[in-house]
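Residues per chain are reported as follows:
Protein chains: 2
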Amino acid sequence: MLHKALPGFRDFYPPEFAVRSHITGVWREIAHRFGFEEYDGPPLEALELYVEKSGEEIVGQLYNFVDKGERAVALRPEMTPTLARRVAARAAGLRKPIRWFSVPQLFRYERTQRGRLREHFQWNVDILGEEAVAADAEVLAVALAALQALGLTGDDVVARYNDRRLLERLGLGAGGGADRLLATYLAIDKLTREPREVIRDRLVSVAGIGATVADAVLAIFQYRDLAELRLAFGKSESVLRELDRLEAYGAQLARLGFGAYTAFDPTIVRGLAYYTGTVFEIFDRRGELRAICGGGRYDNLLRNIGAVSLPAVGFGMGDVVLGELLAERGLLPAHRPRADYYLIAVTEAERPVLLQVAGALRARGAAVLYGLKHANVGKQFKDADARGAREVLVFGPEELAAGQVVHRVMGTGEERRTPLSEWLGGGA
Amino acid sequence: MLHKALPGFRDFYPPEFAVRSHITGVWREIAHRFGFEEYDGPPLEALELYVEKSGEEIVGQLYNFVDKGERAVALRPEMTPTLARRVAARAAGLRKPIRWFSVPQLFRYERTQRGRLREHFQWNVDILGEEAVAADAEVLAVALAALQALGLTGDDVVARYNDRRLLERLGLGAGGGADRLLATYLAIDKLTREPREVIRDRLVSVAGIGATVADAVLAIFQYRDLAELRLAFGKSESVLRELDRLEAYGAQLARLGFGAYTAFDPTIVRGLAYYTGTVFEIFDRRGELRAICGGGRYDNLLRNIGAVSLPAVGFGMGDVVLGELLAERGLLPAHRPRADYYLIAVTEAERPVLLQVAGALRARGAAVLYGLKHANVGKQFKDADARGAREVLVFGPEELAAGQVVHRVMGTGEERRTPLSEWLGGGA
Numbered sequence: 001m002l003h004k005a006l007p008g009f010r011d012f013y014p015p016e017f018a019v020r021s022h023i024t025g026v027w028r029e030i031a032h033r034f035g036f037e038e039y040d041g042p043p044l045e046a047l048e049l050y051v052e053k054s055g056e057e058i059v060g061q062l063y064n065f066v067d068k069g070e071r072a073v074a075l076r077p078e079m080t081p082t083l084a085r086r087v088a089a090r091a092a093g094l095r096k097p098i099r100w101f102s103v104p105q106l107f108r109y110e111r112t113q114r115g116r117l118r119e120h121f122q123w124n125v126d127i128l129g130e131e132a133v134a135a136d137a138e139v140l141a142v143a144l145a146a147l148q149a150l151g152l153t154g155d156d157v158v159a160r161y162n163d164r165r166l167l168e169r170l171g172l173g174a175g176g177g178a179d180r181l182l183a184t185y186l187a188i189d190k191l192t193r194e195p196r197e198v199i200r201d202r203l204v205s206v207a208g209i210g211a212t213v214a215d216a217v218l219a220i221f222q223y224r225d226l227a228e229l230r231l232a233f234g235k236s237e238s239v240l241r242e243l244d245r246l247e248a249y250g251a252q253l254a255r256l257g258f259g260a261y262t263a264f265d266p267t268i269v270r271g272l273a274y275y276t277g278t279v280f281e282i283f284d285r286r287g288e289l290r291a292i293c294g295g296g297r298y299d300n301l302l303r304n305i306g307a308v309s310l311p312a313v314g315f316g317m318g319d320v321v322l323g324e325l326l327a328e329r330g331l332l333p334a335h336r337p338r339a340d341y342y343l344i345a346v347t348e349a350e351r352p353v354l355l356q357v358a359g360a361l362r363a364r365g366a367a368v369l370y371g372l373k374h375a376n377v378g379k380q381f382k383d384a385d386a387r388g389a390r391e392v393l394v395f396g397p398e399e400l401a402a403g404q405v406v407h408r409v410m411g412t413g414e415e416r417r418t419p420l421s422e423w424l425g426g427g428a
Numbered sequence: 001m002l003h004k005a006l007p008g009f010r011d012f013y014p015p016e017f018a019v020r021s022h023i024t025g026v027w028r029e030i031a032h033r034f035g036f037e038e039y040d041g042p043p044l045e046a047l048e049l050y051v052e053k054s055g056e057e058i059v060g061q062l063y064n065f066v067d068k069g070e071r072a073v074a075l076r077p078e079m080t081p082t083l084a085r086r087v088a089a090r091a092a093g094l095r096k097p098i099r100w101f102s103v104p105q106l107f108r109y110e111r112t113q114r115g116r117l118r119e120h121f122q123w124n125v126d127i128l129g130e131e132a133v134a135a136d137a138e139v140l141a142v143a144l145a146a147l148q149a150l151g152l153t154g155d156d157v158v159a160r161y162n163d164r165r166l167l168e169r170l171g172l173g174a175g176g177g178a179d180r181l182l183a184t185y186l187a188i189d190k191l192t193r194e195p196r197e198v199i200r201d202r203l204v205s206v207a208g209i210g211a212t213v214a215d216a217v218l219a220i221f222q223y224r225d226l227a228e229l230r231l232a233f234g235k236s237e238s239v240l241r242e243l244d245r246l247e248a249y250g251a252q253l254a255r256l257g258f259g260a261y262t263a264f265d266p267t268i269v270r271g272l273a274y275y276t277g278t279v280f281e282i283f284d285r286r287g288e289l290r291a292i293c294g295g296g297r298y299d300n301l302l303r304n305i306g307a308v309s310l311p312a313v314g315f316g317m318g319d320v321v322l323g324e325l326l327a328e329r330g331l332l333p334a335h336r337p338r339a340d341y342y343l344i345a346v347t348e349a350e351r352p353v354l355l356q357v358a359g360a361l362r363a364r365g366a367a368v369l370y371g372l373k374h375a376n377v378g379k380q381f382k383d384a385d386a387r388g389a390r391e392v393l394v395f396g397p398e399e400l401a402a403g404q405v406v407h408r409v410m411g412t413g414e415e416r417r418t419p420l421s422e423w424l425g426g427g428a
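Line by line, the protein sequences give chains E and L.
Just so it is clear: in the first sequence, position 309 is 309 by the numbering used here, and no numbers are missing.
Just so it is clear: in the second sequence, position 214 is 214 by the numbering used here, and no numbers are missing.
Among the hints, a few may not be true.
It does not matter which identical chain is used: a pair holds within one copy or between any two.
Keeping only pairs whose Cα atoms sit at most 20 angstroms apart, straight-line, the calculated SDA-like set for lysine to any residue is [unchecked claim]:
id, residue 1, residue 2
1, K4, V239
2, K235, P14
3, K96, A375
4, K4, D215
5, K379, N304
6, K68, A46
7, K373, G271
8, K96, R336
9, K382, T24
10, K68, P7
11, K53, L181
12, K379, H32
13, K96, N300
Just so you know, these hints were derived from the structure itself, not from any lab.
Note that the coordinates shown come from a computational prediction; the quantities given were computed from them, not determined experimentally.
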């Protein structure tokens, strides 16, 4: 019978793998450029690790099961709990700030949204053990540097940033507990997507705050930049401190070269409970796709999960939305097989010498192909072409008798006789 | 509470990740050198995919469960069924022979062996659509080229090869069906590890062949090389044909540069049902470790699983035994953090310029670090050293006023004043 991949799982044939490899390759290269070191953890973890961070509700979205050892386990839906677990286990021995990144495959089982993928690859970058805003700027900068290296400009994408501490100083969640504050964030998170009245109703009914306070909260979002906020709330010392920090954040990002990629946006709050400071999301400027990347500061998570107190800031960037954007902008490299050399034997008698040259060229680092079954020369040339060979060596009986090999450059058609020793020996 | 990884799963901290990355990096580099293209599939597949290939017995070793959509699924224990599924789905559109490789993480749940890992990474290389022995040689050559690139010589490792077709021509399994033949292989597979009498008993009791035939089968294994076999069985045309093929296999491997790494061994049969021709296993010469790699020809598997008839040859090489061998031979690169530049600000006032230089250097491809929180110069130098910086730039108020930056090479201690513009501008 003909089998299929499970729903929501991708098969990566060589062309699709090349796209994934291109994206993850740039992620790794840029992470190293910013001095981050790569780690990885198990794709399967104890279920409690996720429940402890996100509550029982998360279980509905997980690929979880009971294993043969009666353990409740789950395919990892995100990397941060694994990171917290790992750092906690070795916190004392690790140099702070810790600068780590990872490129895990993550899994979600969402019953209700059948069309969606159930796995994706996500670039996770985190700085742990530093509360200075320079860490926040560095983390957003590495995300933007990767997008830039992939060919996206500040006209293509924008990182909108905010700080939950600013919103709190401005009065968000005043008089309520953490639950009400989170409900308020969740309502605000939809501010740009839903009518103001819907948000207001939600603030009153779900977040449970009075209508007057709801209006006051919404009034905050009439101010669209830091200068306006400074004018309106400049009398509050605590608000000023937050504005100063956000201004430093923006200025550092500009100095690092990403001014054209960044903008303050008070409506960015992120829907997750654990953020405690700066938050950001990166979008395509045309607003056609879901967010490409989201992150921020989460100073309490490691204490909650890992029992070690370390301030932290980081992000996750998935390969799916990003891949769509790159494809749409024509920024994905064309997939074509490639080889440096294709070796052709005119008769089977030349195979032994051909194999020796293949071995010698490969030992020098060249990508080398040859036909595994004998075929006529024309057919072998056709195969060389189809497999993207740049140069061809033809081993014929007369030429070999004279100690020579025919060398042909496929692009130009240029062809000459060369000494066999040149291909067997040291220098190419 | 302090969480732990599940039993049998590895946490890859940066030093362990560096080892994995070194090994998988060489695998990928060598595969490309041999003209193989990378693919990947889902880590989770339908359970029936494995049952169909290996029978119900396999289920006892799998990480399998029923998902929320009531599907029987399993974390992939091997890559070949996924490969067969994929190739079958697109067989007509793929250029033959197909030369593919993959580096999947694989999973087994073995209840009884608690100390063992339940996951590992495995390099899978396959040629599909070619029955010539050159394909068999090419596949073993790519495995050996990777071991060579990792620093292992023919004194460290050896690939022992054989051909099941030869054993059959020599009379193995004569008069019995496929089941008896497999039982015979399974008995022979232990020939070098268990006393001859035990093997003989097993041939009689498990494979169900008579005592006389068992002795005849065991007599085959007194011949240790192809020349001896040729003398003993040279009258049989069909044996000669197999001996010729195995000799061509060895000769091609020698031409490709791996003569010192290979040896014929009639006791190599591999324990798996699906091999139909050449089989090989790579061992450390000292015989201290389990096999590093195993593979061979499996001409019927794609027809059985994928309903498409394509001869195939391939292997799997895991990262665990190989990693142990490399560590033991001192062939793993030392893990040390590295950076090209570490930028030091004498006072916070220099941070803006420092960030600009960081951005400029990174845009040129350099790996750049700097302190995220202000600290004294000595402490920053210490951090630069701990993080493996090769060069340091010091931004001081007097130097900047003169448009200069102090440049220090950490290895030599050499230090000089350089124009700031040199670091901000085009050429480094």
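message: Hint by hint, where does the structure go against what was stated? Just the numbers, ascending.
response: Violated: hints 1, 2, 4, 5, 7, 9 and 12.
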